[in-house]
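Undergrad: Sequence:
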Amino acid sequence: MTTETPARSRTIQWEDVRLPAWVTGLIGGVGIIALWWILAATVFSNVGPGGVQAIPTPPQVIAEFFATGWEFYVRNFSVTLTEAGIGYLWGNGLALVLAALVLVVPRLEGVVMQIAIITYCVPIVALGLLLVVIAPIPGAGEPSVTAIFLAALSCFFTTVVGALLGLKAADKASLDVITVYGGSKLTQLRKVRLIAALPATLNALQIAVPAAFLGAVLGEFFGKITVGVGPAMIAAQQALNAPRVWDIALVSGAVALAGYALLGLVARAVAPWSRGGAR
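Per the working numbering, numbering through the sequence shown is continuous, rising by one, with the last residue being 279.
Hints are supplied without guarantee of correctness; some may be wrong.
[Unchecked claim] Derived pair list, reagent style DSBU-like, types lysine-lysine, alpha-carbon separation capped at 30 Å: (1) Lys172 x Lys191; (2) Lys168 x Lys185; (3) Lys191 x Lys168; (4) Lys185 x Lys172.
Rather than coming from a laboratory, the hints here were simulated on the basis of the structure.
As the structure is a computational prediction, the values presented were derived from the model and not from experiment.
Please work from the sequences and hints to get the whole structure.
TA: Rendered as structure tokens:
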């Protein structure tokens, strides 16, 4: 007769708890809002010029959002999104063309990278002030050339680097097969390199979304326009309307995050293997 020793139950440790990503995100968001509320109502309650509370509480921000009205945000954000979209297409389009050109003519890599580095290092503020003098003043509700240019500039460097890294990530054996069968560099680019470059290129395009939006907003500060996120924020600051400033800032962050997430979904659909999915 044999006796079996019952298995000793293991105490569940904190490391064993695995929460879904959305749960941890929700907990973090609630914690940030709670901390913001407490600090705004206590430590920073008297901080601000002219007796204005510079850091409003979340209820004050929400109340101002509904008091301002949805039309205000649609009117201003539509202009800024148009500028960011046009700049996004121009900046990323030029970056992808130059990256593909480097693969066809490798000697141009140094020149292209120098151009990308220069665009990344040049102060945006200096360019904005220069473009104010050169670019024409847009009409009410029209996109600003300055904002479009700065949006394109903000996403150019990231996309050039990401696309070049992706195009160089092609399998050498596959490239050799095309060469053996008489294929040209254009055939290698079309059959192998473009597919291999999809994950890195899509990641660069995803990062470029909030960068283009930020560039457009910065361009509006110099573009002498009356409608847009930049002018709306300036007007709220001059009126000492702190809740509206926070509303515009939070909505801007939400819009940029939504664009980033949307490109992430596109990347998963186009290149599922980059996320570990099935081919």
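Undergrad: Could you run down the list of hints and mark each one as holding or not?
TA: Here is what the structure says about each hint:
no.	hint	verdict
1	Lys172 x Lys191	13 Å, holds
2	Lys168 x Lys185	13 Å, holds
3	Lys191 x Lys168	13 Å, holds
4	Lys185 x Lys172	13 Å, holds
Violated hints for the displayed structure: none, as all numbered hints are satisfied.
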